[in-house]
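Trainee: Next come the chains, spelled out residue by residue.
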Amino acid sequence: MELVTPALGLMFWMFVTFAIIFLLLKKFAWKPILKMIKEREDSIDSAIQSAEKARQEMKELQAGNERILAEARAASDTLLKDARDAKDAIIAEAKTKAKSEADRLVAQARETINNEKLAAITELKNQVATLSIDIAEKILREQFSSDEKQKAHINNLMKEVTLN
Amino acid sequence: MSNKINIFSVKNFCFSLFVAVLTLLPAKTFAYEPIEEENNHDEVIDTVSAAKHAEGNSTAFNAGEMIIEHIGDSHQWHLWGDHGHAVHIPLPVILWTDKGLEIFSSSKVEHHEDIYEGTHYKYMLHNEHIEVVDNFGNVDEEATAKIKDFSITKNALTIIVSALIMLLIFIKVAKSYKRREGMAPKGLQSFMEPLILFIRDDVAKTSIGEKKYERYMPYLLTAFFFIFFNNLMGLIPIFPFGANLTGNISVCLVLAGITLVVTLISGNGHYWRHIFAMPGVPIPVLIILTPIELIGVVLRPFVLMIRLFANITAGHIIALAFFSLIFIFGEKSTGAGYGVSVVSIAFTVFMGFLELLVAFLQAYVFTLLSAIYIGAAVEEGHHEHEHHVEKGHEATHVIA
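Line order of the protein sequences matches chains A and B. Going by this note's numbering, the first residue of the first sequence is number 7, and it counts up by one from there. Going by this note's numbering, the first residue of the second sequence is number 1353, and it counts up by one from there.
Worth flagging that the hints you see were computed from the coordinates, not collected in a lab. None of the values given here were measured: they were computed from a predicted structure. Ideal Cβ placement from N, Cα and C applies to all residues, glycine included. Just so you know, not all the hints are guaranteed correct.
Stated by the list, open to error - Label-pair distances were calculated between CB atoms; the ranges are:
#1 B:Ile1590 <-> A:Ala25: 25 to 31 Å
#2 B:Pro1636 <-> A:Glu8: 43 to 49 Å
#3 B:Arg1567 <-> A:Glu72: 51 to 57 Å
#4 A:Leu14 <-> B:Leu1540: 34 to 40 Å
#5 B:Phe1702 <-> A:Glu63: 57 to 63 Å
Stated by the list, open to error - The calculated lysine-lysine pairs, modelled on BS3-like cross-linking and capped at a C-alpha distance of 27 Å, are:
#6 A:Lys41 <-> B:Lys1524
#7 A:Lys93 <-> A:Lys103
#8 A:Lys44 <-> B:Lys1563
#9 B:Lys1460 <-> A:Lys32
#10 B:Lys1564 <-> A:Lys44
#11 A:Lys41 <-> B:Lys1460
#12 A:Lys131 <-> A:Lys165
#13 B:Lys1500 <-> A:Lys37
#14 B:Lys1460 <-> B:Lys1498
#15 A:Lys37 <-> B:Lys1563
#16 B:Lys1564 <-> B:Lys1530
#17 B:Lys1500 <-> B:Lys1460
#18 A:Lys44 <-> B:Lys1524
#19 B:Lys1538 <-> B:Lys1557
Said to hold, decoys possible - Which chain A residues stay away from chain B? Per the calculated CB distances, all over 12 Å, these:
#20 Glu45
#21 Gln55
#22 Ala57
#23 Leu111
#24 His159
Input sequences plus hints: build the corresponding full structure.
Mentor: Quick look at the structure:
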């Protein structure tokens, strides 16, 4: 029975001590500890949330970047294509121009050559004519240098001429 | 005399066995192991003294007497030695008599025949009770009934020691929370945090509810750690620990009483209506039901008290009983004493581990049930939830 009989003195000390440690721990331990734990949990929560948000933003940013990149690529493609076209056009034009110029030059050259040739032929003709006349003159001079010769020739001619 | 020597060699044998067991065990994994071992060891010493005491009185070793002496309260703190030349720490005796306060050291009435002449009466210590006596040691029953014993007994001192330890530990922990704000817990703080979170999340939040639990956290935490620390301290046999405090009915009564008071103060209209006039119950039935509910209000903390008291006391009794076996057999034959000691120690080590579990479990059960009772008192909800709470309550009864 001794064991299950509450002792007044011990109950008194128990109550007083328990009340004191309860009040002291409440003020100096439990309140700050629970507050700190809660604050830490909140800060961890918010940190996780902001990390998640940052990840989301990163994702969006990445998507945006990809879009911009694609746009840039498309733009550069168009630019390149344009440039290529322009180049082709320029080359083609240059070619045409060069050809026509060449043609023109060739034609001009041909004309000049023709003119030159004609001039040369004329010159040659003239010279040949002059030369022929000179030669003929010399031959005639030779043939008609004496009277006998002139008479012989006229005789020949006369012979040929038959008065039919 | 030869018996005395034998008993001492049994003690030495036990001690060397403990040392052997200790060296075989990984130190860290069984952090509490040495405590447990020493607990056993100390009990051996105590048993020795009890046995010697018995021998001195030329009677056989009385296990029951020895065990009751060990789990009960005392006006002095017995360290070692037998009754003839025992080493005690005398504790102050504080008496509130009908004539006024009386304070003296328990060393004045230490021995069996000591009579201390106080200011108002003459006192004698008989079976740990201070009794008023006349010059010849005859007890004055009438005057004895009038004195109130407020002595700082072994248990009262243990309460104060455990209170100081708790203050030291938790104020230190609170400081490290302030110092390491927002950082991960470290050291003692990281040891206590899981327990605090356990009480908060698994006891208070689930039993009282998210909205109201915060108000009761300081009480639940104080009660949990007070019981837990004292359960553990009860397993450490060296001064200033080793008192069977949480296995003391007065201590359990105060703790359960506080839970009752907290429950009654917190009780809202919903709670009282369910006690005095359960909604939906016909009046004739209420005549039976209301007294049952009223008894239930008191019965719950009463069971809370008995559970803690019985569990912790039983643990101490079992450990002591195993050691008593050694001396019971040792009285018959020295060899049998040696033989049984091996078994006894093995069982006590096993019980020690079990007691570590019980130390935590009982602190948890006490706190959980307190939280459930408070939860039922502050609950606003409807009927179904209450049944749920009751079910949880039943389940924990099974655990206990």
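Trainee: With reference to the structure, classify each hint as holding or not holding.
Mentor: Each hint, compared with the structure:
The hinted window of 25 to 31 Å between B:Ile1590 and A:Ala25 holds, with their beta carbons roughly 28 Å apart. A hinted range of 43 to 49 Å holds for the C-beta pair B:Pro1636 and A:Glu8, which are about 45 Å apart. In this structure the supplied range 51 to 57 Å holds for B:Arg1567 paired with A:Glu72, their Cβ-Cβ distance being about 54 Å. Range check, A:Leu14 to B:Leu1540: Cβ separation about 36 Å, and the 34 to 40 Å hint holds.
Against the hinted window of 57 to 63 Å, the Cβ-Cβ separation of B:Phe1702 and A:Glu63 comes to about 59 Å, which satisfies the hint. A distance of roughly 15 Å separates the Cα atoms of A:Lys41 and B:Lys1524; the hinted pair therefore holds under the 27 Å criterion. Distance restraint check for A:Lys93 and A:Lys103: the Cα-Cα separation of roughly 15 Å lies within the 27 Å cut-off, and the hinted pair is therefore satisfied. Straight-line distance between C-alpha atoms of A:Lys44 and B:Lys1563 comes to about 15 Å, which keeps the hinted pair within the 27 Å bound.
Note on B:Lys1460 and A:Lys32: the hinted pairing is violated, with a Cα-Cα distance of about 40 Å set against a maximum of 27 Å. Distance hint between B:Lys1564 and A:Lys44 is fulfilled; the C-alpha atoms sit about 15 Å from each other, no more than 27 Å. Restraint check: the Cα-Cα separation between A:Lys41 and B:Lys1460 comes to about 50 Å, which exceeds 27 Å; the hinted pair is violated. Taking the CA atoms of A:Lys131 and A:Lys165, the gap is near 35 Å; set against the 27 Å cutoff, the hint is violated.
A C-alpha spacing of about 37 Å is found between B:Lys1500 and A:Lys37, which places the hinted pair above 27 Å, so the restraint is violated. A hinted pair counts as satisfied when its Cα atoms are at most 27 Å apart, and B:Lys1460 with B:Lys1498 qualifies at roughly 21 Å. Between the alpha carbons of A:Lys37 and B:Lys1563 the distance comes to roughly 17 Å, so the proposed pair stays at or under 27 Å and holds. Of the pairs offered as hints, the one joining B:Lys1564 and B:Lys1530 holds, with about 25 Å between alpha carbons and a cut-off of 27 Å not exceeded.
Distance hint between B:Lys1500 and B:Lys1460 is fulfilled; the C-alpha atoms sit about 18 Å from each other, no more than 27 Å. Using a Cα cut-off of 27 Å, the hinted pair A:Lys44 and B:Lys1524 holds, with the two alpha carbons roughly 18 Å apart. Simply put, B:Lys1538 and B:Lys1557 have alpha-carbon atoms about 25 Å apart, close enough for the 27 Å limit, and the pair holds. For A:Glu45, the shortest C-beta to C-beta distance to chain B comes to about 7 Å, within the 12 Å cut-off, and the non-interface label is violated.
Listed as a non-interface residue, A:Gln55 keeps its Cβ farther than 12 Å from every Cβ of chain B; the least gap is roughly 16 Å. Non-interface call for A:Ala57 relative to chain B: holds, since the shortest CB-CB distance, roughly 16 Å, exceeds 12 Å. With a least beta-carbon separation of about 90 Å from chain B, A:Leu111 lies farther than 12 Å from that chain, consistent with its non-interface assignment. Every beta carbon of chain B lies more than 12 Å from that of A:His159, the smallest distance being close to 147 Å; the non-interface claim holds.
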